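Student: Given next are the chains, with one letter for each unit.
Number of protein chains: 2
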Amino acid sequence: MVDKVLGVLGGMGPLASAHFMVRLTLLTPAAEDQAHIPAVLWSDPRVPPRTAAKLQGGADPLPALLRGIRGLQAAGCGAIAIPCNTAHGWFEPMRDATPLPILHIVDAAAADLARQDVAPGRIGLMGTAATLAMRLYQDRLEGAGWDCLVPDGDAMQRLVTPAIDLVKANRVAEAYPPLAEVAQGLAARGAQAVVLGCTEIPLGIAAGPTLPFPVIDTIDALARASIAWALD
Amino acid sequence: MVDKVLGVLGGMGPLASAHFMVRLTLLTPAAEDQAHIPAVLWSDPRVPPRTAAKLQGGADPLPALLRGIRGLQAAGCGAIAIPCNTAHGWFEPMRDATPLPILHIVDAAAADLARQDVAPGRIGLMGTAATLAMRLYQDRLEGAGWDCLVPDGDAMQRLVTPAIDLVKANRVAEAYPPLAEVAQGLAARGAQAVVLGCTEIPLGIAAGPTLPFPVIDTIDALARASIAWALD
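These protein sequence lines map, in sequence, to chains G and W.
Our numbering applies: residue 1 is where the first sequence begins, and numbers increase by one.
Our numbering applies: residue 1 is where the second sequence begins, and numbers increase by one.
Think of the hints as simulated: they come from the structure by calculation, not from any bench.
This one's a predicted model, so the numbers in the text were calculated from it and none came from an experiment.
Worth double-checking, as some hints may not be accurate.
Which copy is meant is left open, so a pair is good if it fits within one copy or across any two.
The calculated SDA-like cross-link candidates involving lysine to any residue, where the alpha carbons are at most 25 Å apart (straight line), are [stated by the list, open to error]: (1) K4 x Q157; (2) K4 x A169; (3) K4 x I227; (4) K54 x R224; (5) K4 x R140; (6) K4 x A75; (7) K4 x D154; (8) K54 x A74; (9) K54 x G76; (10) K4 x R67.
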């Protein structure tokens, strides 16, 4: 029986964190309920939008993020996973506010690049405009030899940003064509694999035909990192 | 913005409660994160098996259930949903231990029978051996004019019980054939609709071709009742 309790700071968006719980379960080697990982999901979709806060001076999400972390701590959790890439723009103040380890989603993605044998070199990176602008991935991955190609401003505005919003509005199937178009464009520019660095993106990409190159699903990557923590 | 917080007492099994969170999200009319329902999922798969407790004198799950309810209450939840039918065998002591309303899954199923225009008369009922033996559904539904046909002992032992265990072991696709066979058998005996009265069963039934008669998915039914509570 697993006695570590995983805290999941979610609701950003709620479909992504619910799907994270599904993947956490399905990726756990377990033959009965009692062998699965205890977890508390704090799904708070009221957290102010992260991209607007970073790029347009919108309301600060940090107080709501810290409220969730305090709630997970009070519930007895031993570590925290945050299935929202953009929220990692507040990683340092969250880490400084809790004694619990926070599993960083970019480290989880890097581990998944290695697990999928993606060689050092050119890879594609999709995410929110804020995640790209903060260089959350580029600075961490380039040190390990992966050079990140990102969509241009037109593709972000016309395809990626609206597709993320479609997933948050439960219109998941409609998000596939624009997201697949951008991923294919990155592959055409020489990316050997594409990191889906916003947890809405793998939901949209799963709604259509499988892409003909490796993708890093950051929901699955964080679920794998969480399972490794819980079963360690 | 929704300010009521739903508490979800889950982990029984963890795939069912994770999928409940997905359905809660997808069934909510929301065009952005902030219009979705705040929720805390307490996913505790360590709760002792409910059927073994009722039928074979196994460990009592009530202390673990009450621990979860206290945790959800401390997290600020305003009502509790429990996406496990068998756990409703402990409904009264749970209700008596908290000031929060608990949304009863059988009431949610009855509302869904009405929503799907299932006329009074013969319906099928599938569930764990404990749920059937406790008459959780029969006594509540027969008062409303729905007569419950249940699988015979052989079908329970050979098909339903092993299929529920397959879902808990993440072998979801393998659960479809035995569950579909039982549902079709109930339809052949005159059931106009079949209540999937164990939250593992709709997961297995969703893994294959749609059945040619109405089914009551108790995950969706409880999600609809939860949304009605939150948006009221």
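Student: If a hint holds in the structure, say so; if it does not, say that too.
Tutor: Status of each hint after checking the structure:
1. K4 x Q157: This pair counts as neither: shortest intra-copy Cα distance 42 Å, inter-copy 34 Å.
2. K4 x A169: between (34 Å within a copy, 20 Å between copies)
3. K4 x I227: Only inside one copy: K4 and I227 sit 10 Å apart there, 31 Å across copies, limit 25 Å.
4. K54 x R224: neither (28 Å within a copy, 35 Å between copies)
5. K4 x R140: This pair counts as neither: shortest intra-copy Cα distance 28 Å, inter-copy 39 Å.
6. K4 x A75: both (12 Å within a copy, 19 Å between copies)
7. K4 x D154: Neither: 45 Å inside a chain and 39 Å across chains, both beyond 25 Å.
8. K54 x A74: neither (29 Å within a copy, 32 Å between copies)
9. K54 x G76: neither (31 Å within a copy, 29 Å between copies)
10. K4 x R67: Both: 21 Å inside a copy, 16 Å across copies.
Violation of the numbered hints given earlier is confined to hints 1, 4, 5, 7, 8, 9; the remaining hints are satisfied by the structure.
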